[in-house]
Amino acid sequence: MQKLVVIGAGMASGRMLEHLFEAAPGAWDVTLFNAEPRGNYNRIMLSPVLSGERSYEEIVTHDAAWYESHGVTCRFGERVVGIDRARKEVIGENGTVAYDKLVIATGSEPFMIPLPGRDLDGVIAYRDLEDTNRMIEAAAPGARAVVIGGGLLGLEAAAGMRLRGMEVTVVHLMGHLMERQLDPAAGYLLRRALVDRGIEVLCSANSKEILGENGKVRALMLDDGTELPCDLLVMAVGIRPAATLGREAGLAVGRGIQVDAQMRSSDPDVLSLGECVEFEGQLFGLVAPLYDQAKVAAATLLGEEAVFTPREVSTKLKVTGCDLFSAGDFAEGPGREDIVFRDPARGVYKRLVLEENRVIGAVLYGDVADGNWFYGLIKDGTDVSDMRETLIFGPAFQGGAPADPMAAVAALPADAEICGCNGVCKGAIVAAIQNGASTLDAIKATTKASASCGNCAGLVEQVLAVTLGDDFVAPSARPMCACTDHPHEDVRRLIKAKEIKSMPQAMQELGWKTPNGCHSCRPALNYYLIADWPLDYKDDPQSRFVNERNHANIQKDGTYSVMPRMWGGMTTPDELLAIAAAAKKYNATVKVTGGQRIDLLGIKKEDLPYIWADLNAAGMVSGHGYTKGLRTVKTCVGTDWCRFGTQDSTGLGIKLEKRLWGSWTPHKFKLAVTGCPRNCAEATCKDLGVVCVDSGYEIGVGGAAGMELKETEPLAKVATEQEVIDITVAFLQLYRESANYLDRPYKWIAKTGGLDWIRAQVVDDLENRAALIARFDISQSIYQKDPWAERATPEYQRAWAPLADLTQEAAE
Amino acid sequence: METATATVSPARAFIGVSEVWVPEGDRLVHAAGEYGALRAFEEASIRTSFGYGEGLPGKAWAEARPVVLKGFDGSYFKRTEAAKEAGLTSAVALPVFAGEVLKAVLVVLCGDDDTTIGAIEVWAERDGLLLLDDGYYGAAKHFEWVSQHTHFPKGQGLPGGVWAAQTPMLFRDLGSGYRFIRSESAGAAGLTTGLGLPVPVPGEQTYIATLLSARGTPIARRFEIWDAREARMGKDGGAMLIDGICEREGPLWSEDNPRRAQIWQGPIGQVLGSGLPQVISGGQIAAGYSSMVALPIHRGEEIAHIVAWYV
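Each protein sequence line maps, in turn, to chains A and Y.
Heads up: the first sequence at position 670 corresponds to 670 in full-length UniProt numbering, and the numbers run straight through without jumps.
Heads up: the second sequence at position 14 corresponds to 14 in full-length UniProt numbering, and the numbers run straight through without jumps.
Don't take each hint at face value.
Think about it this way: if two alpha-carbon atoms lie no more than 27 Å apart in a straight line, the pair counts; the simulated DSS-like pairs of lysine-lysine are [as the list claims (entries may be wrong)]:
1) Y:Lys235 / A:Lys379
2) Y:Lys235 / A:Lys513
3) A:Lys208 / A:Lys295
4) A:Lys316 / Y:Lys235
5) A:Lys496 / A:Lys448
6) A:Lys605 / A:Lys585
7) A:Lys668 / A:Lys655
8) A:Lys747 / A:Lys496
9) A:Lys538 / A:Lys496
The calculated label-pair distances, taken between Cβ atoms and stated as ranges, are [to be verified]:
10) A:Ala431 / Y:Glu301: 21 to 29 Å
11) Y:Glu100 / A:Ala789: 55 to 63 Å
12) Y:Gly71 / A:Thr439: 51 to 59 Å
13) Y:Asp127 / A:Thr439: 35 to 43 Å
14) A:Asn94 / Y:Asp114: 47 to 55 Å
Over the 10 Å line for every Cβ pair with chain A, so calculated as not near, a few chain Y residues [as the list claims (entries may be wrong)]:
15) Gly71
16) Asp127
17) Lys154
Please keep in mind that the hints were generated in silico from the structure rather than gathered at the bench.
Every residue gets a Cβ at the ideal spot worked out from N, C-alpha and C, and that includes glycine.
Take these sequences, add in the hints, and give me the full structure.
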């Protein structure tokens, strides 16, 4: 009888022994070492044990009777300290064992981030039954846990501890959960499901230090200074092969123990399998390829031909009620196409990635019934060109309809506010419809919904359509872009009504037809989210045009223009000296603009952080000459210098600019304050212009002097500077809250049906004016900051430097 | 820790009677029942029907919620005399709604004495928390008191977990090696296995029912949870056994090869086809048990899950 020693009683070696005993019972004298004081159990079912949905006994694969019946000598709880390949002996803590063949199946070790405090009591990994029991022991109502890592294991640990009654926070470095298996849309749905379980989820969060007290973990500190108190800290950030034994035995080891397709190591009498191996540069963490390896290793031991071939794997998350499926490659790339299906009402998202008429990746959330079918298509490389149109509906497709654009409206609860102006909820509109109102006009008359700014008219029509069915024919509205059937107005209203606070949430809840939107809808969504949820939403630079991303205007030759802010068009000799010095240093062309600023043209991208630093040092901030935001306030010299000046137009202009700068708006927003009706500052063709007169100030809005030429319309006439400032702020905020992206104010005013509604909001209704101002100030608390100062740093200087100097002559 | 496959010892059942009432016209009529040896109560029940709001089943129908009734004397319970003779003192009615439509009412009746341990609870959402609406605990009085003073946020404990996942859940070893939120008193009461299930009703109100079983007087010896959602099963339908545990057969779940049931085939298939709860006794019941109850749980108008328990 040949002697077989196996190191590691995990799932891979357990499956190998099953194959071996089945094919050649009694052929091997097996000694099995395991560092854990137990035999083979189904490790991937530890999460349900943690949550209480399984007992440990249920997940034991091989019990004592099984080992006994197969004559296995079990040395459980005993570490192997070395392998003497020359003598063909395994050295255990309690003595040596000779082998003819040796199988190393030592699995993997959890990776522990080298954070200060990682050795504190209460900081654990999530790998085995001991870790699981540690979490179970820590669980008590009110106890707090932090899980670092929003991957499969981390989330299962979080859900399990939550079921046990703990308060759980997941800290994840990346922008969305399970980023290796899911795209942002599915990640959003998963996050929503976990938050719905009472789990706090922090993405894009970087851990800095583990804080302790009396040797025990007290809190996790993030790099932004946030402290997350905890009694237990679970690190679930990945695994790495446990290859030390192989390395010390002199076997070929890369990241793992290197094996050939027969699972033989560099020593033909030593096989290896499982998470400790490396095959053709690849490591393995999911169970399916491990079972394939087990089959091959058993065949090799039996002297049979077998070849291990890695295969595509699919992922499932063992959190009850979270249905997700992921397989293959779903990264975007040239030549790849997406097929996307979303059902906001059911919380379903499906995405297939196709390349050369073959499915190469699938991500499913909420409806996973067809997961295995898609998985089969991926594995088999099936040509799907004949079924492309209906592929997303799965194998049982029976004429399924495409996504219903009404689904988002149908899914709104009765208390969702449809008309923000008049505070009318969906339930009130539905009640009016049920009482006989069957047209938009009838709804306006009975509920006042869409009777003010009219922006929600499209939504009201959709509620009519959802409620009345075929009896209502909604006039067609132009969608935002090809990614959605919703027009801008509906998207804005739904973002408010459904409290949508992230880009993936918007795309999922509103049934976007593409996975990640396009160059047209992403900037619009980014703006709407910034404007509506300044405290909750985080600006996404990738959803901005290049000028806003780089905080400078790109010119036709690829260089940039840099324009410092000059409040109200005023400057000082010192500022001019600094501008002149910067112009010389960076070889800029100097141009005075129509908005009373000085523009430095021809700046190279890599010089931007440096010139910003120089101008910052002279006390200047960005002039935002590149933004869909507050641009300039142009002024004349006013009463200080002008014989005709009636008020301090310069001072008022500076006050307005200092109040409004930094704010993002649907399109660029320009102001002017002129000291008398002679209008030297050209206030009557601005988005908002103030004309000073003897009796006070005339405020006009909706001017234009670009492709279209338009004089401002009078909004209000007031007596004091403060009233000018208040009305200006309120007008700007109303524009920010209700205009479509890329509509200048004059277009927005026309769409609302004239100035009456706007005047009522910002001039007549003092309470509403104050509320608008308050909301503007909240937004400014986040966004009134100099983008130059944030980017004039060594990191940006490094990041924006060119990757290679390509200016040298070819001959050199 | 107690094992799931421990030797089955003779024990009295916690539930004495299970019966199904279905709407016919404007009344609820008897559709099925398991009465054991309580023949007189069975005969009295078969002859009975309930109007809207009448008796326990009618009250569950009219109020569109699960109802717990402890002590029949002087109550709206209609079969008080027959129940008293049968030694039944408490009852729980679980309405089965498919969307707005009542499909059936499942009624379980229990006898009260100093030895039967177990719990059938109804939890209701109030202000974002689940509070005990009512429950029948037999002799587990301390556990009853603890439960009355416990609340569950979403995602916590068996009721909170069911509420968050909108899925029935089966918890093991409630009181021993397992830190069930109420584990200390659950352990003291001898409770081992807990089945939690959503009870969907028209409107926004959330109800969760739990069946907590003790080894000495078990509610059931085998529990099953079947997933019948189209999102899981596809357009072919049917149901898949996603969890289950049995005193005779051990764990019933299989990650790799889960059991499936097709429509109209077997008791689970009958529930899938009819949309009605099944109460079956005698004949071919899994693992040789003498009776089973299978209860559909709808999401909207479709069956999402089926829970089954066997004695």
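Here is how each hint holds up against the structure:
The hinted pair formed by Lys235 of chain Y and Lys379 of chain A meets the criterion: a straight-line CA distance of about 23 Å does not exceed 27 Å. Between Lys235 of chain Y and Lys513 of chain A, the direct Cα distance comes to roughly 23 Å. Compliance with the 27 Å bound is thereby established for this hinted pair. At roughly 44 Å between alpha-carbon atoms, Lys208 of chain A and Lys295 of chain A are farther apart than 27 Å, so this suggested pair is violated. The suggested pairing of Lys316 of chain A with Lys235 of chain Y holds, with an alpha-carbon distance near 21 Å, which does not exceed 27 Å.
At roughly 18 Å between alpha-carbon atoms, Lys496 of chain A and Lys448 of chain A fall within 27 Å of each other, so this suggested pair holds. For the suggested pair Lys605 of chain A and Lys585 of chain A, the alpha carbons sit about 14 Å apart, so the restraint of at most 27 Å is met. Restraint check for Lys668 of chain A and Lys655 of chain A: the C-alpha separation of about 19 Å stays at or below 27 Å, so the hint holds. Using a Cα cut-off of 27 Å, the hinted pair Lys747 of chain A and Lys496 of chain A holds, with the two alpha carbons roughly 22 Å apart.
Restraint check for Lys538 of chain A and Lys496 of chain A: satisfied, since their Cα atoms lie roughly 16 Å apart, inside the 27 Å limit. Checked against the given bound of 21 to 29 Å, the beta carbons of Ala431 of chain A and Glu301 of chain Y, roughly 23 Å apart, stay inside it. For the hinted restraint 55 to 63 Å between Glu100 of chain Y and Ala789 of chain A, the CB-CB distance of approximately 60 Å keeps it satisfied. For Gly71 of chain Y and Thr439 of chain A, the Cβ-Cβ distance of about 57 Å falls inside the hinted range of 51 to 59 Å, so the restraint holds.
The given range of 35 to 43 Å is respected by Asp127 of chain Y and Thr439 of chain A, whose C-beta atoms sit roughly 40 Å from each other. Our hint of 47 to 55 Å for Asn94 of chain A and Asp114 of chain Y holds, since their Cβ atoms are close to 54 Å apart. Separation of Gly71 of chain Y from chain A is adequate, the least Cβ-Cβ distance of about 32 Å exceeding the 10 Å criterion. Non-interface status of Asp127 of chain Y relative to chain A is upheld: no Cβ of that chain comes within 10 Å, the nearest being about 15 Å off.
Listed as outside the interface, Lys154 of chain Y is inconsistent with that label: its C-beta sits roughly 5 Å from the nearest C-beta of chain A, within the 10 Å cut-off.
In this structure, the hints that do not hold are numbers 3, 17, in rising order.
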